[in-house]
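**Q** Protein chains in written order, with the numbering used here: chain X, 43 to 340; chain R, 53 to 214.
Source of the hints: derived by calculation from the structure; they are not laboratory data.
Computed from a predicted model, the values in this text were never measured in an experiment.
Please note that the accuracy of each hint is not assured.
Sample of chain R residues facing chain X (criterion: CB under 10 Å; computed from the structure) [stated by the list, open to error]:
{"id": "1", "residue": "Gln-58"}
{"id": "2", "residue": "Pro-77"}
{"id": "3", "residue": "Val-115"}
{"id": "4", "residue": "Ile-187"}
{"id": "5", "residue": "Lys-212"}
Taking lysine-lysine and the DSBU-like style, the derived pairs with C-alpha atoms no more than 30 Å apart in a straight line are [as the list claims (entries may be wrong)]:
{"id": "6", "chain 1": "R", "residue 1": "Lys-185", "chain 2": "X", "residue 2": "Lys-215"}
{"id": "7", "chain 1": "R", "residue 1": "Lys-185", "chain 2": "X", "residue 2": "Lys-84"}
{"id": "8", "chain 1": "X", "residue 1": "Lys-215", "chain 2": "R", "residue 2": "Lys-174"}
{"id": "9", "chain 1": "X", "residue 1": "Lys-318", "chain 2": "R", "residue 2": "Lys-185"}
{"id": "10", "chain 1": "X", "residue 1": "Lys-318", "chain 2": "R", "residue 2": "Lys-181"}
By construction, the Cβ of each residue, glycine as well, lies at the ideal position given by its N, Cα and C atoms.
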Amino acid sequence: MYPRAFRYHRAASLPEAVSMLTDLGEEARLLAGGQSLIPLMKLRLASPAHLVDLNFVPGLEYVRELGNELRVGALTRHAQIEESQEASRIPIVHDCAAGIADIQVRNRGTLGGSLAEADPTGDWAPVLLVLGTEVVCQGTGGERTVKLEDFLVDAFVTTLAPNELVKEIRIAKPPKKSGGAYIAAKRSAPVYASAGVAVQLTMEDSNVCREAGIALGAVGLTAIRPREAEQVLRGKAVDAKSIEAAAEAAMHAADPQSDMRGSAEYKRVLVRALVKRALDAALRRSRGERVEVSHLYA
Amino acid sequence: MPEELQMVPITVTVNGQRHSLSVEPRLLLVSLLRETLGLTGTHIGCDTTYCGACTVLLNGRSVKSCTVFAVQADQGEVRTVEGLAEDSKLHPVQQAFLESHGLQCGYCTPGFLMSVCQLLDKNPDPDEKAIRKGIAGNTCRCTGYQNIFKAIHAAAESMKGR
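Isolated chain X, as found in the complex (with noise of 0.2 Å):
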């Protein structure tokens, strides 16, 4: 299968990206990793005019620690994430990048191009809502950097411009007493989830919760965060109980839709499982405990 021809534009710096796009206007799009754009280009679901491909813009591929943030480079690839000792501190994140489709896929894709697309079944939306995270944008007027709950707005709908683009994402290393777990469901590795959970738990003590993130993906149209769960958890000891109370209440805030990948029915009481699972996994880390947690087939 060939995508419709397009011209192809190769931008050296991240400058020059945002010149070329605000020169080809709302008819070029990017190319990051492409593991999303190549195949819908393929099945002709888009056929932009321009591609500006950014992959040989030098240094934009990194994972760094900086004071309490983890810094990393717009096209930073989903396996450069899951190989990286800083990002894997973070169990929630080694978590998501190592379980993102298979090692082809995360070989190519980006996170910055994973974000910038907000496709509502993308796995890093819920897992870096959690951890509090901010997103740097680059346009014509120099960078703004945006809370990442303001910069999703909608299904493939994000607040940067046209002519803007993705340079950096920050996201906040939990403090002491925290862990958490991303687990997602699927058919295969290659598919999209059926249903995804991110949980992060802040502990008082070993039993009682000071702040508690939960947030679901790939059942609503952007990434949905279950405030009725989350405030189950806040100030609460974590047991069978509240855990079961707070996947119930996850369980409801979920708004799937029946697809290919399930029914609505059959998401929502996936949603439950996963949160149950996930809220474990993350309790155990909280108190240490080194939990192994991967993406779930089915």
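Please arrange chain R on chain X, whose structure you already have, making use of the hints.
**A** The following block gives chain R in isolation, referenced to the frame of chain X:
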């Protein structure tokens, strides 16, 4: 739509051989390999980034070559199944697939071989779980995978100390 056909000059090293050519931007890496360079060992399966039959190594990392534009491989190094054997001596991964019957129809095999090369390069002694994860992006519809697992274990064993 573009008024005239744009051709982009690229230089790609494939299996150690340098090629300088001009390509249409929409040319996919798999088509460059198969149609322009005649390296038909890399297969097109699903053509939708699912099955992994088209897997090659680009700059040492496995990619689905149906989902990479040839222009993106500019200045890069590509390794395909044709680059595995040396002087008609099969690569240990190929030898292991042969001996363990890790294939039936063989259509998916070039992609599997490249994924296994990547896996063993990163992890020379993978356990069952690592193997499953390493080949999760490759689909085989006839072996049932058991002999592929056997072949990968055998390949890892024979490559130890290399």
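**Q** The structure should be examined with respect to each hint, and the outcome stated for every one.
**A** Status of the hints after comparison with the structure:
no.: 1; hint: Gln-58; verdict: holds, 5 Å
no.: 2; hint: Pro-77; verdict: holds, 4 Å
no.: 3; hint: Val-115; verdict: holds, 5 Å
no.: 4; hint: Ile-187; verdict: holds, 8 Å
no.: 5; hint: Lys-212; verdict: violated, 22 Å
no.: 6; hint: R:Lys-185 - X:Lys-215; verdict: holds, 28 Å
no.: 7; hint: R:Lys-185 - X:Lys-84; verdict: holds, 27 Å
no.: 8; hint: X:Lys-215 - R:Lys-174; verdict: holds, 28 Å
no.: 9; hint: X:Lys-318 - R:Lys-185; verdict: holds, 24 Å
no.: 10; hint: X:Lys-318 - R:Lys-181; verdict: holds, 24 Å
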